[in-house]
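Work the whole structure out from these sequences, hints included.
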Amino acid sequence: MSLRLQARKLACERDDRWLFRDLDLDIHAGEIVRVEGPNGSGKTTLLKILSGQLADFQGELYWNDHPMRRTRQDFLANLLYLGHAPGVKAALTPLENLAWYQALAGEPDDEAARFSALSAVGLAGFEDLPAGQLSAGQQRRVALARLELIPRPLWVLDEPFTAIDRDGVAALEGRLAAHARRGGCVLVTTHHELADSPALRRIRLGQGGDDATL
Amino acid sequence: MPLFREPEGGAGVAIRATLKRDLVLMMRRRSEVLNPLVFFALVITLFPIGISPDPELLATIAPGLLWVAALLAALLSLDSLFRSDYDDGSLEQLLLSPQPLPALALAKVAVHWLLTGLPLALMAPLLGILLSLPAGSYAVLALSLALGSASLSLIGAIGAALTVGLSRGGVLLSLLVLPLYIPVLIFGAGAVQAAILGDGVSAHLAILGALLAVALSLAPWAIAASLRISING
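Protein chains in written order, with the UniProt record's numbering: chain A, 1 to 214; chain B, 1 to 233.
Just so you know, the hints here were simulated from the structure itself, not pulled from any lab data. Certain hints may be false.
Unchecked claim - Distance condition first, Cα-Cα at most 25 Å in a straight line; then the derived DMTMM-like pairs of lysine to aspartate or glutamate:
# : chain 1 : residue 1 : chain 2 : residue 2
1 : A       : K9        : A       : E36
2 : B       : K20       : A       : E127
3 : B       : K20       : A       : D109
This is the structure we're talking about:
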């Protein structure tokens, strides 16, 4: 299956300041693209633009060589986005949280899959506790369980390593590499240093944006 | 696990899951469900004490009072409609799902009406007794409130969606939404008034129904567009 996300001449201005300008991107299947930059350099904004959430930017986005405007539905059906906020309801149990995401993604209702996704992220035994009683790291793991549960080729992850312990970081890093090897594509912001691999590419966002490079 | 599976479940599955999730969430936060009902009861109990216990006077103002208090109670609960979803990031996930957003928004509004508008409508006849509302108008009161509050939930959700990105959007929400509530209030209170006077109520109820039909057909799209604007900001 083809997978190609392109951006041409991407530029975004916030509060009279260019976050980035003339940014050209070409992201293919099998790649892990890490967006780097200091705090406030526009990493989250870039991820939101690339996942089709923000309309306030200049430039063009292409999904599989078609303008994003026309292929938005197909793009969304291929996308798994994990934002800064984990999107986990504190009053619901991890299982209930995942059940909603499963239905929202159009997946068949499959309780066994939810259990195995939760145990894959190390939450076996916590399935029926309200998520509000879990620690911040465990809540993040509930969100990460969606990676196991919902098969989507394009992952856009905003700081997925936040609040995760060392073993969890290693496991998640392995998960990202495995996804890329199988032909998926990962777009990630993180301050955590990812292990070098041929699949890894970097986008560096600097202050002022003129030096945004690929 | 495959890398990709074509989404099988249609919008129906997602809508049902959203309904179920929101119902479960509200049942676990009972105070939020009870707040508007308690507010409604308190306001209505205070009026006979504050104005006069004279049954004739109370009966004259009862339709308007009940409707205004119910409307404000519904308005009070609106701010939280999308707030918690916005705060914990579920709202952006809702917007990024490959399902039709207007339908999902409608599911959320339906839950709001089921747990706010409908209980208010069922409670109103009881409070009507307190205001010595003439017997015979109770059914019309409940029916007009049930119909009208559905429109109120739909219209109010547009305002809630527009103000969800603002940290203190409560006052703005009221200002945005109240003018649009006025037609519903006029025909709702008018229906109860007509029932007391013994006039035909069908015209009033028909107009309330028509308002609901218009709101049902337009509001979901307006809510979806408003949510997109709010997330953009």
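Results for each hint:
Proposed proximity of K9 of chain A and E36 of chain A is supported: the alpha carbons are some 19 Å apart, at most 25 Å. Using a Cα cut-off of 25 Å, the hinted pair K20 of chain B and E127 of chain A holds, with the two alpha carbons roughly 18 Å apart. About 13 Å separates the Cα atoms of K20 of chain B and D109 of chain A, which keeps this hinted pair within 25 Å; it holds.
Checked against the numbered hints above, the structure violates none of them.
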